[in-house]
Amino acid sequence: MKIGVVTFPGSNCDADARYGATVTGNDAIQLWHKETSLPLGLDVIILPGGFSYGDYLRTGAIARFSPIMNEVLRFANSGGLVLGICNGFQILCESGLLPGGLIRNENLSFVCKDVHLRVENSVTPFSCTVKLGTVLRVPVAHGDGRFTAPQETIDRIEGNGQVLYRYTTATGDATPESNPNGSIHNIAGIINERGNVMGMMPHPERACEPILGSADGVSVFASLDLHVAHSILI
Amino acid sequence: MKTYTASITVTLRRAILDVQGKAVEHALHSLHMPALGNVRIGKHIELDVQAPDKETAHGLVMDACSKLLSNPVMEDFSVHIMEKASGVPA
Chain A
1 MKIGVVTFPG SNCDADARYG ATVTGNDAIQ LWHKETSLPL GLDVIILPGG
51 FSYGDYLRTG AIARFSPIMN EVLRFANSGG LVLGICNGFQ ILCESGLLPG
101 GLIRNENLSF VCKDVHLRVE NSVTPFSCTV KLGTVLRVPV AHGDGRFTAP
151 QETIDRIEGN GQVLYRYTTA TGDATPESNP NGSIHNIAGI INERGNVMGM
201 MPHPERACEP ILGSADGVSV FASLDLHVAH SILI
Chain B
1001 MKTYTASITV TLRRAILDVQ GKAVEHALHS LHMPALGNVR IGKHIELDVQ
1051 APDKETAHGL VMDACSKLLS NPVMEDFSVH IMEKASGVPA
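Read top to bottom, the protein sequences are chains A and B.
Using my numbering, you'd call the opening residue of the first sequence number 1 and step up by one each time.
Using my numbering, you'd call the opening residue of the second sequence number 1001 and step up by one each time.
Just so you know, these hints were derived from the structure itself, not from any lab.
Accuracy of the hints is not assured; some may be wrong.
[Unchecked claim] Each pair of labels, with its calculated beta carbon distance range:
| # | chain 1 | residue 1 | chain 2 | residue 2 | range |
| --- | --- | --- | --- | --- | --- |
| 1 | B | 1030 | A | 211 | 27 to 33 Å |
| 2 | B | 1072 | A | 25 | 38 to 44 Å |
| 3 | A | 110 | B | 1043 | 44 to 50 Å |
| 4 | A | 150 | B | 1002 | 35 to 41 Å |
[To be verified] Stretch-level coverage of chain B by chain A, calculated; a stretch enters the list once three of its residues show a Cβ under 8 Å from a Cβ in chain A:
| # | stretch |
| --- | --- |
| 5 | 1025-1037 |
| 6 | 1047-1056 |
Since this is a predicted model, take the numbers as computed values, not measurements.
Ideal Cβ placement from N, Cα and C applies to all residues, glycine included.
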């Protein structure tokens, strides 16, 4: 599997995302945000975490208009797999590839800690190696992670099974205390209707080896790996 | 062509909890100003527009607000256009 990780001005998790992607034995290359074409044979694009363009105006609002985003939109609209982590999730919402948006945490504080995530849909390219209801431990690090959307959008994504991860306790209960940022319905990660674009605020690339405290984030990369290998076999 | 100044205010939609506004409201109340409430924090953006008339300037700014300056999923905006040279409302 060949993964491209976009570097925007202000990205700071791009190297970690490339490293996380290689843990399952894949190739990961850097894609500069000014590129106007993508390398051939790319299976997955990752928009990494960070503070693209200093988070000026709104998180992800300016990166969404970087030259490479035209190609990312084209790639996604033709069925290519796109993963946005943290600032990448914010960019995907700004670009319209994912519904809703991410605003200032409810407690107005930057939150940096391990959280628990319950897998709400295990038949996606991003979660097909984990069982439904599995609780993962993965860190978050953000100031603007409160997922919000109009009520009809929330109803639609809940009804469609587009909520992929929810913040929970270690035992899988979605309580107000286990919600680090005030996200509606404890939403931590979502997919688009087609199922090929995913955004999540937690950082799976920071939980990809036991020495980092958790290797639960590997499930995202391993699932992509399995999905792409299976697609090639078909 | 004339130069206009656009004054733009962007705020979170009413339905979305404005936590900064809430925090400021609590601070105002702790300063013994209980008559003040419903605080909303937003952004103020000013920019110049070159256009033949006010309507065209307004249209250009509305387009900029929809595409970049606000996120229609979660924000509302209002636009006020003034002719720059005189500083008098156009």
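Verification of the supplied hints:
no. : hint                         : verdict
1   : 1030/B <-> 211/A: 27 to 33 Å : violated, 47 Å
2   : 1072/B <-> 25/A: 38 to 44 Å  : holds, 42 Å
3   : 110/A <-> 1043/B: 44 to 50 Å : violated, 20 Å
4   : 150/A <-> 1002/B: 35 to 41 Å : holds, 38 Å
5   : 1025-1037                    : violated (count 0)
6   : 1047-1056                    : violated (count 0)
The structure shown violates the earlier hints numbered 1, 3, 5 and 6.
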